[in-house]
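Engineer: Please take these sequences and the hints and turn them into a complete structure.
Residue numbers (this note's numbering), protein chains in the order written: chain A, 273 to 530; chain B, 273 to 530; chain C, 273 to 530; chain D, 273 to 530; chain E, 273 to 530; chain F, 273 to 530.
Just so you know, these hints were derived from the structure itself, not from any lab. Take these hints with a grain of salt, some might be off.
Heads up, the list lumps identical chains together, so a pair's fine if it works in one copy or across two of them.
[As the list claims (entries may be wrong)] Below, in silico cross-link-like pairs of lysine to any residue (SDA-like), each with a Cα-Cα straight-line distance of 25 Å or less:
(1) Lys-409 / Arg-504
(2) Lys-513 / Ala-443
(3) Lys-513 / Ala-433
(4) Lys-513 / Pro-441
(5) Lys-421 / Arg-393
(6) Lys-477 / His-321
(7) Lys-421 / Glu-386
(8) Lys-513 / Arg-343
(9) Lys-477 / Tyr-501
(10) Lys-409 / Glu-382
(11) Lys-477 / Thr-526
(12) Lys-477 / Asp-527
(13) Lys-409 / Glu-459
(14) Lys-513 / Thr-486
(15) Lys-513 / Ala-339
(16) Lys-477 / Glu-358
(17) Lys-461 / Arg-510
(18) Lys-421 / Val-377
(19) Lys-513 / Asp-527
(20) Lys-513 / Ser-340
(21) Lys-409 / Ala-433
(22) Lys-513 / Gly-368
(23) Lys-513 / Phe-412
Number of protein chains: 6
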Amino acid sequence: MPVAPVEHGMAPGLERNGEQMAGSMAVVSAHAADFVWRAGGTIAKYVRHGWDVNVVIMSLGVRGESASLWRTEGQTYEEVARIRREEATRAAEVLGCRLHFFDLVDYPMEITPEVMDRLVRFFREVRPSIILTHGHKDPFNPDHPVVHKATVEARLLAGAAGVMPEIPPIAPPRLFGFEPHQTEMSEFKPEILVDITADFETKLKAMQCVPTQTYLIEFHRQLAEARGYHARRNGQSRDVKYAEAFQSYVPIVTDMLP
Amino acid sequence: MPVAPVEHGMAPGLERNGEQMAGSMAVVSAHAADFVWRAGGTIAKYVRHGWDVNVVIMSLGVRGESASLWRTEGQTYEEVARIRREEATRAAEVLGCRLHFFDLVDYPMEITPEVMDRLVRFFREVRPSIILTHGHKDPFNPDHPVVHKATVEARLLAGAAGVMPEIPPIAPPRLFGFEPHQTEMSEFKPEILVDITADFETKLKAMQCVPTQTYLIEFHRQLAEARGYHARRNGQSRDVKYAEAFQSYVPIVTDMLP
Amino acid sequence: MPVAPVEHGMAPGLERNGEQMAGSMAVVSAHAADFVWRAGGTIAKYVRHGWDVNVVIMSLGVRGESASLWRTEGQTYEEVARIRREEATRAAEVLGCRLHFFDLVDYPMEITPEVMDRLVRFFREVRPSIILTHGHKDPFNPDHPVVHKATVEARLLAGAAGVMPEIPPIAPPRLFGFEPHQTEMSEFKPEILVDITADFETKLKAMQCVPTQTYLIEFHRQLAEARGYHARRNGQSRDVKYAEAFQSYVPIVTDMLP
Amino acid sequence: MPVAPVEHGMAPGLERNGEQMAGSMAVVSAHAADFVWRAGGTIAKYVRHGWDVNVVIMSLGVRGESASLWRTEGQTYEEVARIRREEATRAAEVLGCRLHFFDLVDYPMEITPEVMDRLVRFFREVRPSIILTHGHKDPFNPDHPVVHKATVEARLLAGAAGVMPEIPPIAPPRLFGFEPHQTEMSEFKPEILVDITADFETKLKAMQCVPTQTYLIEFHRQLAEARGYHARRNGQSRDVKYAEAFQSYVPIVTDMLP
Amino acid sequence: MPVAPVEHGMAPGLERNGEQMAGSMAVVSAHAADFVWRAGGTIAKYVRHGWDVNVVIMSLGVRGESASLWRTEGQTYEEVARIRREEATRAAEVLGCRLHFFDLVDYPMEITPEVMDRLVRFFREVRPSIILTHGHKDPFNPDHPVVHKATVEARLLAGAAGVMPEIPPIAPPRLFGFEPHQTEMSEFKPEILVDITADFETKLKAMQCVPTQTYLIEFHRQLAEARGYHARRNGQSRDVKYAEAFQSYVPIVTDMLP
Amino acid sequence: MPVAPVEHGMAPGLERNGEQMAGSMAVVSAHAADFVWRAGGTIAKYVRHGWDVNVVIMSLGVRGESASLWRTEGQTYEEVARIRREEATRAAEVLGCRLHFFDLVDYPMEITPEVMDRLVRFFREVRPSIILTHGHKDPFNPDHPVVHKATVEARLLAGAAGVMPEIPPIAPPRLFGFEPHQTEMSEFKPEILVDITADFETKLKAMQCVPTQTYLIEFHRQLAEARGYHARRNGQSRDVKYAEAFQSYVPIVTDMLP
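Structural biologist: So, in structure tokens, the structure goes:
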């Protein structure tokens with residue numbers, strides 16, 4: 273099924289390695305592998321449809337999301353960082369997206385003016401029509417809401433004419449939030465269920481590139497299955513086996529009802 | 273632009289007067305003209321794209337929404353009903369949708385088991401993939417939340433195998449709420465902005481068929497313009513001049529992000 | 273201090289026993305003494321300023337709010353009803369308001385079409401510019417939300433031209449909710465704190481007319497004191513000693529900010 | 273581990289077949305098997321600790337929750353009812369609780385004054401210190417919120433002295449809501465995670481007594497596993513493998529923090 | 273109509289140029305013209321009634337709210353700032369309020385301890401009984417919530433005895449939020465509708481002093497008209513033609529119900 | 273009544289002065305006496321049951337919560353600090369808990385990376401199974417939400433393996449919020465009512481050690497009484513005379529329902 277970027281009002285003209293791209297998606301991931309667990313199927317699907325998908329890795333999650341590696345005697349920040357970067361890189365190769373490492377320290381994460389500038393510049397460069405990132409609240413993770421807030425702010429700044437006047441501002445991209453681990457306490461609403469049945473194998477392969485958090489593979493397999501069940505209960509098709517859930521943060525402007 | 277019903281997983285096969293329809297939409301309107309003010313542009317657009325749009329008129333709004341007619345000396349329920357029915361009929365002709373009058377009394381409106389049965393049967397017959405109706409709360413109208421609740425319930429009953437086992441149950445249609453008059457007090461969120469620029473002239477003509485509430489024509493013209501402004505502020509295109517806003521009541525199962 | 277009803281845009285002309293009234297307030301009380309505990313100070317103040325205050329007593333609270341009387345051996349519904357009616361009557365005399373007994377059964381309370389008609393007619397007759405009643409939620413009382421819903425609906429019907437066309441409809445009165453017993457679980461917000469310092473003695477006397485719920489006198493004395501403390505913490509004056517809290521249910525149309 | 277009912281301030285003295293019971297729990301289940309899927313582990317645990325657990329089955333779920341049975345040619349309401357009653361009975365035997373069939377029609381369910389009376393009488397008879405039932409909202413099931421509302425109301429009426437004065441009123445039981453299928457859209461909060469690891473086998477056996485909804489067995493096995501994961505992430509113990517989640521509807525009065 | 277500041281418990285004694293003022297209002301505006309679009313009518317009215325209205329302009333909105341000026345080739349921050357300052361100054365002259373420029377950079381805006389000190393000192397000096405500022409949330413503007421938070425904090429610090437002990441603390445002013453552009457996504461509730469019919473011409477003239485955002489003039493004219501319509505639907509008077517909406521952030525302490 | 277720490281899955285082994293402790297509780301108090309007013313009864317009870325209770329005093333509340341002391345001519349920050357520290361110390365002696373002064377400046381309070389480190393280290397050292405602190409919102413106090421946020425973050429960091437790898441991370445403690453002064457505007461829910469009847473005398477004595485805020489003693493006595501009333505209305509026992517209310521911020525993992 274061809275994807276019609278013109279439906280989103282996006283001016284065609286994107287190019288990558290001389291090839292015309294169908295559209296541009298940006299993903300902002302707090303830690304090394306968030307983009308894999310939470311949006312891997314959707315990313316794989318958009319890549320398959322010819323989109324240019326660029327992922328910012330804000331931090332490598334060395335301090336807060338690498339518990340298994342710290343069990344090694346004499347473990348160091350640098351070694352954990354090296355391993356997590358390799359995992360993320362391999363997973364991105366499987367999914368077909370490009371990574372941009374911002375190398376912040378995690379747990380907690382600080383968004384300095386320089387980081388904000390870099391994020392704004394990133395949005396101005398990849399000019400996405402869709403942004404995916406973490407949700408606004410997560411009582412179980414100190415960094416996810418920080419990244420949400422930074423992304424929301426950078427998206428607004430990227431659209432303001434007087435900010436970095438040397439690069440043209442972007443039109444407002446749609447903004448969707450990932451499903452967090454404890455949805456109900458995080459005020460997450462699964463407003464959109466993306467059918468990832470055809471791309472689930474790819475997601476599974478990408479997840480298997482992240483042995484540091486190996487216990488999450490089965491967790492996210494079951495989650496995709498549960499969301500697939502919800503998709504069958506909420507939609508017209510009985511064929512959805514796996515799905516990823518997202519929350520929409522801005523009004524969706526559309527030609528026909530979604 | 274062709275509409276691809278297959279995107280919604282809807283089995284093709286709808287027919288009307290021997291002609292294949294692109295899809296089926298059901299609208300449940302509390303009073304005679306709610307479907308015109310609140311969804312006229314969207315209805316016109318779907319009709320233009322070949323959809324079969326069926327509208328239930330729960331009541332004619334004789335008691336609660338016909339104030340101007342009651343200024344006539346010696347006015348009667350029957351006469352007001354006659355006028356409102358004619359207005360609705362003319363507006364529907366302009367929009368191209370079919371009306372189904374349930375003829376309940378309004379202000380307040382009572383949903384008896386018979387009414388519920390009739391609504392379930394209606395959904396089983398038109399088999400919509402999309403339902404539009406009022407939102408869940410409206411502190412300024414006693415009937416709108418009643419109709420919302422009835423529609424939600426009928427949608428669920430229409431999908432239950434053991435209810436009216438003689439007619440096959442339907443797959444769960446998507447469910448969207450109209451924009452009410454005082455949005456903020458009604459907990460309305462304009463989650464979806466449908467571009468109705470190309471169909472606004474048709475909506476305007478349909479609104480002009482309803483002189484009983486003539487003051488609403490300018491109100492809804494300005495509202496469509498304000499929503500068009502919001503659409504330009506939220507989307508990729510600068511060309512949206514008029515829009516209608518909807519709230520989504522069930523998770524949207526989708527192939528690509530909306 | 274003179275009360276300026278013209279500030280509320282209310283056409284003067286109210287009369288009672290040949291005397292011009294400053295304004296009209298309606299109170300809808302689920303049980304015999306709710307109007308005393310929850311709004312006694314405010315009622316006394318409005319009466320003192322020359323307003324006509326009419327209170328509907330929906331039920332006498334025989335089943336749900338008269339526990340102490342049921343400890344008497346051989347107690348009957350009729351006897352409890354007689355006692356509660358007398359208490360309410362005496363309290364109303366102290367406050368200076370008029371009572372209208374609807375004599376419904378409580379716990380649970382059913383709003384039949386006849387009750388709704390009677391409430392609409394009541395509003396059309398006393399033509400209030402302010403209505404006080406219970407809030408929208410109360411997990412500890414089955415009747416309070418029922419009365420709230422009935423009052424909201426009757427207020428809307430009373431303003432609709434085609435309902436009881438033989439009596440002219442009313443302009444929309446402001447609508448405030450009483451403070452319930454367990455505020456936080458009842459979604460009550462103390463948006464308005466009315467200074468009842470000058471009328472607290474009258475409220476106390478009225479409360480003392482209700483020995484059936486004698487334990488509530490001290491409870492509400494302490495509550496008025498706590499709300500007085502909040503008033504001093506939120507306002508410009510240090511002289512508020514007692515206050516009653518209310519929630520506003522409709523936008524307040526005003527000449528100057530309140 | 274002994275259960276100390278005195279902690280809940282419950283007067284001992286419960287008896288069943290001449291045996292002293294540790295406490296009394298009431299469960300109100302909308303359909304035939306809701307109590308199994310949603311609270312089977314917790315019920316089994318309380319029974320194991322000597323509690324008397326009584327379950328009201330409001331309806332058999334013939335119309336709305338028996339889709340697989342309606343695929344049989346010539347199926348009847350009576351036959352479906354017979355099968356569902358047998359399944360529920362067998363599951364209850366496994367769990368060790370007692371069933372009380374109210375035999376209402378489902379989809380939709382109507383709570384008449386007679387049903388309310390019966391539910392109040394039930395609470396007065398079993399005198400529970402804990403009640404479990406459905407949550408307040410469920411956009412995917414028309415009956416669950418109806419049963420929630422009825423249970424809340426019956427709980428209040430059962431505590432009112434003037435209602436059925438011939439049976440003494442009960443002290444207010446704690447009230448917990450089951451986990452629904454689509455938690456986030458149902459405003460469910462997993463406030464309490466009960467460790468059911470030791471009773472999961474029993475729950476599994478009980479679920480296997482309900483072949484009509486066989487697909488739910490694996491769904492609820494995975495759910496108990498996911499909630500076990502959340503319990504490990506939220507608690508002091510690493511040994512929780514399976515858990516059931518509940519929402520608390522009234523303030524919890526307690527000796528030490530839970 | 274005379275304004276009675278004593279109603280608000282405010283000690284009289286305010287003076288400006290030797291003239292007694294009826295009261296003191298403070299307005300905190302994130303960008304150059306926010307006070308005009310969002311509260312121009314209300315400011316004009318209070319000025320007309322003899323109040324001293326002081327407006328803090330936190331930033332000139334050079335980066336985020338001056339898009340039209342940046343279309344000029346070779347545009348600079350300083351030139352845009354100069355133009356915006358002139359526009360604000362002219363509009364304030366029309367409205368009759370005094371401006372206090374804080375000259376922060378916008379998009380994003382940082383509240384340093386020095387800025388907080390200055391804001392606290394400002395409140396201690398003008399000693400307002402009413403403060404107007406932006407609301408707590410605005411997904412479409414990064415600075416508005418920052419200014420809201422700063423104002424809330426400064427209002428509390430201004431009332432604390434041990435902060436700047438050399439200037440006496442103030443009594444807690446009432447606090448109202450402006451109407452933002454996308455109300456429903458910003459959790460704005462139009463709780464108070466101020467009738468600005470008599471002052472609308474003045475507001476219009478003030479808006480016309482701000483050609484940089486010329487498209488907002490018609491937008492806010494239509495908005496004032498829509499809020500006027502809501503005022504007629506919610507109040508006792510049919511004569512309100514234009515209104516401004518505000519949200520109340522602290523309990524309103526009052527003599528009579530508003 | 274013996275307290276069974278094993279119920280909370282906490283590994284026994286806590287020691288203080290060579291004595292085995294029943295459990296460990298941490299309290300984070302924004303100002304000098306918050307822990308007394310808001311949790312004094314609960315602290316006294318846990319101490320009585322053999323728990324080790326450690327309280328962090330983030331600031332002495334010199335600027336924001338010592339108004340009465342600033343009435344003294346020539347008052348200084350140091351003198352107020354000295355007095356508040358003495359009051360807190362005496363109150364802690366009465367309650368039996370240990371204090372840890374962080375000596376931050378209040379009104380406003382800034383959480384630097386060093387403060388966060390210190391708080392994380394504190395949690396790693398006392399290894400609590402329960403944490404008490406302020407709630408997430410308080411429109412009347414600028415510091416309480418800051419302390420809430422800091423505590424939530426420190427609790428998460430304290431559990432992360434890669435943060436301060438030289439000290440072992442802790443298992444996730446339960447997290448409860450204090451009752452604030454204006455509950456309804458602070459989104460406080462009294463989810464847990466702890467019976468402090470047996471410890472109220474101790475709390476009263478502790479409160480009397482804080483003459484700087486002497487007016488709060490009667491306020492909190494009445495509050496404990498009102499919460500006692502709510503406890504009787506919500507629980508199985510009639511003997512609760514005084515209670516303290518808390519809000520739960522994380523799912524409660526439990527053996528039996530609380």
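Engineer: List in ascending order the numbers of the hints, as given earlier, that are violated by the structure.
Structural biologist: Of the numbered hints, all hold.
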